[in-house]
Structures are given as structure tokens and as C-alpha cells.
Amino acid sequence: MDEELTPLDCLLPSALLKACADGAANHLYNVTAGVRDSFLPDYISGDFDSITAEVKAFFSDKGCKLIETAKQDLTDFTKCLTIMVEEIQRRQLQVDAIVTLGGLGGRFDQTMASIETLYHALSMTRLPLLIIQGTSLACLLRPGSHRLGVNTGLEGDWCSLIPVGGPCQTITTGLKWNLSCTPFSSSLFPSFFMFIDNDVLQFGKLVSTSNTYEPVGPGEPRKPVTVTTDQPLLWSMGIHNDKE
Amino acid sequence: MDEELTPLDCLLPSGKQRIGLIILNQPLDKDYLNILWSKALLKACADGAANHLYNVTAGVRDSFLPDYISGDFDSITAEVKAFFSDKGCKLIETAKQDLTDFTKCLTIMVEEIQRRQLQVDAIVTLGGLGGRFDQTMASIETLYHALSMTRLPLLIIQGTSLACLLRPGSHRLGVNTGLEGDWCSLIPVGGPCQTITTGLKWNLSCTPFSSSLFPSFFMFIDNDVLQFGKLVSTSNTYEPVGPGEPRKPVTVTTDQPLLWSMGIHNDKE
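Heads up: the protein sequence lines correspond to chains U and G, in order.
Be aware that the first sequence starts at 434, since it is given in our numbering, and climbs by one per residue.
Be aware that the second sequence starts at 17, since it is given in our numbering, and climbs by one per residue.
Derived from the structure by calculation, the hints contain no laboratory data.
We put the CB at the ideal spot given by N, CA and C, even for glycine.
Hints may be right or wrong, so weigh each one.
Here are the computed distance ranges between Cβ atoms for each label pair [stated by the list, open to error]:
id: 1; chain 1: G; residue 1: A74; chain 2: U; residue 2: L450; range: 46 to 52 Å
id: 2; chain 1: U; residue 1: P654; chain 2: G; residue 2: E20; range: 54 to 60 Å
id: 3; chain 1: U; residue 1: D494; chain 2: G; residue 2: L168; range: 56 to 62 Å
Below, simulated DSBU-like cross-link-like pairs (lysine-lysine); rule was C-alpha separation at most 35 Å, straight line [unchecked claim]:
id: 4; chain 1: G; residue 1: K246; chain 2: G; residue 2: K217
id: 5; chain 1: U; residue 1: K489; chain 2: G; residue 2: K217
id: 6; chain 1: U; residue 1: K489; chain 2: G; residue 2: K246
id: 7; chain 1: G; residue 1: K103; chain 2: U; residue 2: K638
So that you can see chain U by itself, here it is in the shape it has in the complex:
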């Protein structure tokens, strides 16, 4: 059965649970000057080597939970996600996805660590985990079939499928440049068929970047993008930027 997801649906507001990973609390504090009481996270987690004393005290006084996590071999992101998955379960919250702001910019190794967290998430929860920063969104599709709604009006003009981690046999529809397979059947054995020449996404061979959506007639809605993959496959797309 296809996994259904409209990635940019989440930019319509309604978070049931909000958390900051360590120094993220500094950013939250800074950009919410004047309206800070409306932006109190449920918890702040991490090893607290980035959050300032001032910010920590502010949120603590307001009743936000501070959860210090000591495990050094996991990133603040992974630790924060672990707590979130547990809380969602514990409180029986009806959430459709976990959205992460930040994670795709700055230090290159930390960007890659964010992608690694997406991999860990596959075994932690069935919920989609999305990362948004700047005008980029990233989401790791688990093996199987997916239908992605791309008709919110918030989509930018690019999308991509990136086989981070290893080769992926991939079939798509709804893209301008689709990945496909060639069916083969032999006249000797009419009921036997197999797929050959599957498009295989793999670094060094084929990576789908600067792709876009299948064109549609004026006024027509975009078709969903379908993706079938045999390995976890990273979907990334642009978010429309009004400022441009």
C-alpha cells in the first residue's frame, strides 16, 4: 500500500508538541522578542553546551522542561527526536509528521549527520520526518511505494531523489524526468516477465537533482509524484520563496 504524504502541508500552522535541540533555544528566544510567551517549547533537550545561561533560565522559569542528554555518540537532533517519539506515544498525540526546522545548512558534517538521523528515524517511528531549512525540504522515503502530494502552491521549481547511503532501484511518475524500468518478457514463456534495466540511482552513476514536476495544462492541478524504491531514498524539494 502506498505511503501518502503532502510534504509542504506542514507549513500550515499546528504543532501539538514543540521542542528545541540545545542552542536552537537561543534562536527561538531571539526571533520571538515581544511575543515569547506564545513560543514556549514543551522541552529543550541536549548536552546544553550551546544554549546560553540567560536563555536557559528564561525558558526554565516559564515551565519548559529541560532534558539533559549525555549520550555522546548521538547528535542533539537524534536525542531530541527520541524524546519526541516517546512523548507522542506517551501522550497519545495524533500527529501526522515530525517537522524539523534547521539541519541542512552550516557545517557540512552536521548536514550529513541530519541525514543520518533520518535513517535512524526509520526504525524509531512510522511517522514521516521532514527537515526544512531555507528553501529546501528533505525527507527519507522508506523502501516501498510513496505518493507525494505536490499541489499545495508552496512548492518551488525543483525536486530531487538522492541515493545517500547506497544504490536504489527506483521507479517514479509525476516528475519531468522520471525513473523507470523496462519490462521484458520472453515469447517462449509468455506468463514470465521481469524488469530489466531498472533505473538505479547511485552516486557515481545517476543522481536525480534539478528535477521538476510533470508539466500540466493551465489551471490543472499537478499530479502526485509516485516513488517506488527498494532502499531508503532521500526526497528533497524546493519551497517557493515569495521574496525572490
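Once you have looked at the hints, place chain G on chain U.
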């Protein structure tokens, strides 16, 4: 034989490397530009990179004329294009749609280095690790293509990050220029890599096994395998040394192409 590389030598004023320089369409760091330009035997812009070059070199533009600007020219402005063209910079329009501006620019650079018999030690790229996430990934894909295009190391620098794809085999990385930041990483972007390292704070290793029944027989088991979903080495750092002692080189042995990434020290911080 080990491949030797000091990745940040190209940013060291006293460094000996001569390079080919590619500038990509991303905000340009003036300090990096100045030092890399002074060591570059060949300089190129990929399409809209020329806009950035033009903008940050106001007042000294005649000292920053690229040898060529390549791409499909859908980003470079008419004004910038005319400026560089009038100054004698070659404009090379490349139409192949299935390759990125970066890959096309690199192809030309490799050809020119060959044609002119230039003695360069590395090709350095400014930009490529920021902005649109798919373009960052496309830059990494170009590093893969480069493995079959040239033996020269191809480095990408943006902000305080450097990335370089290590080909299968053994490598010795000099990390003692004084320009190194405090982090480094090994990222198995394309697939699992059996990896052995020295010189890192958290090394990847293998466990030798030998049987007393067959004393001359031994094998390595439990090699550390870097793989997304299992083990990715990020936020690593260098093996600590005593005060005043130079850092040891980092050695990396890998059976598949493996992405090395490291931080560049930022004085402004």
C-alpha cells in the same frame, strides 16, 4: 602507495600548491578568493559565479579576470557577461542538459590543464556546499565523476567547510597547517565503506583475528564499516597531541570512495 594531501595547504599563504580554481554560483568569501586566486594557474567561473566575482571585486576587477566562464548562461547577467567578454575572458557555452554547470566547468578545466601542460597539484572549488540542498548533493556527485576524469584531488570549500572525495586505497592527510577547524568527518555518501583510520580522536579500525591452529593465517574481522543507517563519522576531531607538538597526519584506508570533510578555522568567531 599512499596518496598524500594537505587539504588546507591551498589556503595557506606559505603553501606550495599550485591549483586550478573553479568558482560556483554561491556567495563568495573574499579572503578565500584572494588567497586561492594567487595560487591558481587557471581560473574559471561556472555561469552565475561570474556575477558574484564581479560584485566582490569592485575596484580591482582587472586583477580578477577568469580564464573562462562556462555554463548554459541562464544565471550570468548581461552586464557581467559583457564586462568579462570585453576583457578577453573566454565564454564557453555548454549545452549538455544532463550535466551540471560544475561538472561541465570541471571537464573544461581538466582538458585545459592537460592541453597547456600546467603543473597543478589540485583543483579547488569555491562554493558548492550551501544553498539548495539538491545542488549540494549534485556537487558531491561531481566529486564522484571527477575520480574518472583526473588523478588530481578535487576540493570544495564553502563557509567553514571543506569536502574532498577519497578514492579507494590509502591516504595520508596533512592536518597541521594551523588553518584546521576543530571538526572532521568521514561520510559514506554513495554506499558502505570498509574503513581504517589513524590520527583521529575516534578512529575506525579493524580487529585482527588469528587462529592458533593456523599461526600463519590471519584475517581481519569486524572491520568498521561506514554506512548510512549504521555508522557515519561526524563531529570527529584530531588525535590530541602534547603542547607544542605537531598534529599527526590522518591516514584513511577505504575500499570505496569516501567523503572526507573538515572544518576551516574561522578567525571571525
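Comparing the hints with the structure gives:
no.	hint	verdict
1	G/A74 <-> U/L450: 46 to 52 Å	49 Å, holds
2	U/P654 <-> G/E20: 54 to 60 Å	57 Å, holds
3	U/D494 <-> G/L168: 56 to 62 Å	57 Å, holds
4	G/K246 <-> G/K217	19 Å, holds
5	U/K489 <-> G/K217	30 Å, holds
6	U/K489 <-> G/K246	33 Å, holds
7	G/K103 <-> U/K638	38 Å, violated
When held up to the earlier numbered hints, the structure conflicts with hint 7 and nothing else.
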